[in-house]
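Visitor: Sequence:
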Amino acid sequence: MGSMGEHDRKRRFSSLSPTPAIAKKLPFLPVSEDKKLDIAVLQYQNQKLTQKLETQKLEYTALENKFSQLKERQQSYDSTLAVVKKSWQQSHVLNAQGSLAAKQIPVLHQAQMVRIIC
Numbered sequence: 001m002g003s004m005g006e007h008d009r010k011r012r013f014s015s016l017s018p019t020p021a022i023a024k025k026l027p028f029l030p031v032s033e034d035k036k037l038d039i040a041v042l043q044y045q046n047q048k049l050t051q052k053l054e055t056q057k058l059e060y061t062a063l064e065n066k067f068s069q070l071k072e073r074q075q076s077y078d079s080t081l082a083v084v085k086k087s088w089q090q091s092h093v094l095n096a097q098g099s100l101a102a103k104q105i106p107v108l109h110q111a112q113m114v115r116i117i118c
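Take 1 as the starting number for the sequence shown in the working numbering and just add one per residue.
Since the hints were derived computationally from the structure, they do not count as laboratory data. We treat Cβ as the ideally placed atom computed from N, Cα and C, and that holds for glycine. It cannot be assumed that every hint is accurate.
[To be verified] Straight-line Cα separation of at most 20 Å, DMTMM-like style, residue types lysine to aspartate or glutamate; simulated pairs:
| no. | residue 1 | residue 2 |
| --- | --- | --- |
| 1 | K71 | E59 |
| 2 | K66 | D78 |
| 3 | K52 | E64 |
| 4 | K52 | D34 |
[To be verified] Here are the simulated distance ranges between beta carbons:
| no. | residue 1 | residue 2 | range |
| --- | --- | --- | --- |
| 5 | L58 | D78 | 37 to 43 Å |
| 6 | L70 | L42 | 55 to 61 Å |
| 7 | S87 | E54 | 48 to 54 Å |
| 8 | A96 | S76 | 26 to 32 Å |
| 9 | L58 | A82 | 33 to 39 Å |
| 10 | Q74 | D34 | 55 to 61 Å |
| 11 | L53 | K85 | 41 to 47 Å |
| 12 | F67 | K35 | 43 to 49 Å |
| 13 | E64 | L42 | 42 to 48 Å |
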């Protein structure tokens, strides 16, 4: 009885093998002409895609360089703009102080005129 159970177990494991018995018996078949053509087409497409990818990489690098140059130029513009802004603010402060002084001058003249009249 023990040998019968062992025989069943061997048969069960052999039926679970990853390669079916039929595939083991068939020899390797030569690749058909259609498959050769498909392989050639895929290789050609792969080559063209690789070339396109390389072209895009070069374009990307060129754009990165251009972006860096523009960024550097923008920094110089930003520095110039900061100087202009500071000068503008200072001139407005001076103008504001000057207009206060201008307003005070006529008041002083009026006070002096009152003294003169009285």
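Visitor: Each hint should be assessed against the structure and marked as holding or not.
Guide: Structure-based check of all given hints:
For the hint pairing K71 with E59, the CA-to-CA distance comes to about 18 Å; that is within 20 Å, so the pair holds. For the hint pairing K66 with D78, the CA-to-CA distance comes to about 18 Å; that is within 20 Å, so the pair holds. For a cut-off of 20 Å, the pair hint linking K52 to E64 stands: about 18 Å separates their Cα positions. The straight-line distance between the Cα atoms of K52 and D34 is roughly 27 Å, outside the 20 Å bound, and the hint therefore fails.
At roughly 30 Å, the beta carbons of L58 and D78 sit outside the given window of 37 to 43 Å. Between L70 and L42 the C-beta distance comes to about 41 Å, which lies outside the given range of 55 to 61 Å. Checked against the given bound of 48 to 54 Å, the beta carbons of S87 and E54, roughly 50 Å apart, stay inside it. A96 and S76 have their C-beta atoms about 31 Å apart, which keeps the hinted 26 to 32 Å range intact.
The hinted range of 33 to 39 Å is satisfied by L58 and A82, whose Cβ atoms lie roughly 37 Å apart. Separation of Q74 from D34 is about 58 Å and conforms to the stated range, judged on CB atoms against 55 to 61 Å. Between L53 and K85 the beta carbons are some 46 Å apart, a value that agrees with the proposed interval 41 to 47 Å. Taken as a hint, the range 43 to 49 Å holds for the pair F67 and K35, whose Cβ atoms sit roughly 46 Å apart.
Look at E64 against L42: about 32 Å separates their beta carbons, and that is not inside 42 to 48 Å.
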